[in-house]
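Please construct the entire structure, taking both the sequences and the accompanying hints into account.
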Amino acid sequence: FESRSLRMAKLNHEPTDIIDGFPEGVYNIKVKEVIFPYIFQRNQTTGIQNQGMRICFETWNSNGQIFNNWENIITTSKKAKWKLKEFCYCIGVDFDNEDLDTDDFQGKTGKSSMTREPGEKYLSVDHYLAIDSDEEVTGSATNSVVETDDPMPF
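Under the working numbering, the first residue of the sequence shown is numbered 1, with each subsequent residue one higher.
Please note: incorrect hints may appear among the correct ones.
Calculated cross-link-like contacts (lysine-lysine; reagent style DSBU-like; alpha-carbon spacing at most 35 Å) [claimed, not checked]:
| # | residue 1 | residue 2 |
| --- | --- | --- |
| 1 | Lys-10 | Lys-30 |
| 2 | Lys-78 | Lys-30 |
| 3 | Lys-108 | Lys-32 |
| 4 | Lys-10 | Lys-81 |
Cβ-Cβ distance ranges computed for the label pairs, FRET-style [claimed, not checked]:
| # | residue 1 | residue 2 | range |
| --- | --- | --- | --- |
| 5 | Leu-11 | Ile-48 | 26 to 36 Å |
| 6 | Gly-64 | Leu-6 | 33 to 43 Å |
| 7 | Asn-43 | Leu-6 | 53 to 63 Å |
| 8 | Asp-96 | Thr-46 | 26 to 36 Å |
| 9 | Thr-138 | His-13 | 22 to 32 Å |
| 10 | Asp-134 | Thr-16 | 29 to 39 Å |
| 11 | Gly-92 | Leu-6 | 52 to 62 Å |
| 12 | Asp-96 | Asn-72 | 16 to 26 Å |
| 13 | Leu-6 | Thr-115 | 39 to 49 Å |
Rather than coming from a laboratory, the hints here were simulated on the basis of the structure. These numbers were taken from a predicted model, which means no experiment stands behind them. Backbone N, C-alpha and C define an ideal beta-carbon position, used for all residues, glycine too.
Right under this line is the structure:
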């Protein structure tokens with residue numbers, strides 16, 4: 001084994017070129033995957049363990065930059081049914097259908113208003129917009145990286 005002096009390449013790194021992630025705003029969403037049933041952690045206060053769906057969205061902004069986003073919808077709590085109803089209206093699925101199935105969600109598209117909770121790294125759905133909503137897609141970050149393989153890049 002010979003010891004050689006190797007010259008390392010510079011990173012071409014600009015420390016000031018940092019992005020805090022995609023900004024809050026309205027984004028397009030497409031249902032990519034639905035995990036159901038999904039069991040949520042037991043509530044420490046009530047001891048109740050809820051069941052629902054874990055949904056992976058392909059999410060994109062007005063610049064066409066894409067990232068994956070995961071959201072949870074509880075389906076066993078009457079108090080949480082509003083979120084399932086809002087989600088169904090967003091993607092054009094009949095909430096009142098008694099035979100509603102997770103297959104009905106696959107590949108459906110809509111729009112959601114995304115927010116970032118204080119101290120959080122990732123965006124999450126604040127609310128789903130009705131399918132006939134005329135709210136414009138925003139959330140454009142001019143220098144964000146397109147991240148399609150990272151499940152939650154920002």
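Violating hint indices (sorted, rising): Violated hints (numbers, rising): 1, 4, 5; every other hint is consistent with the structure.
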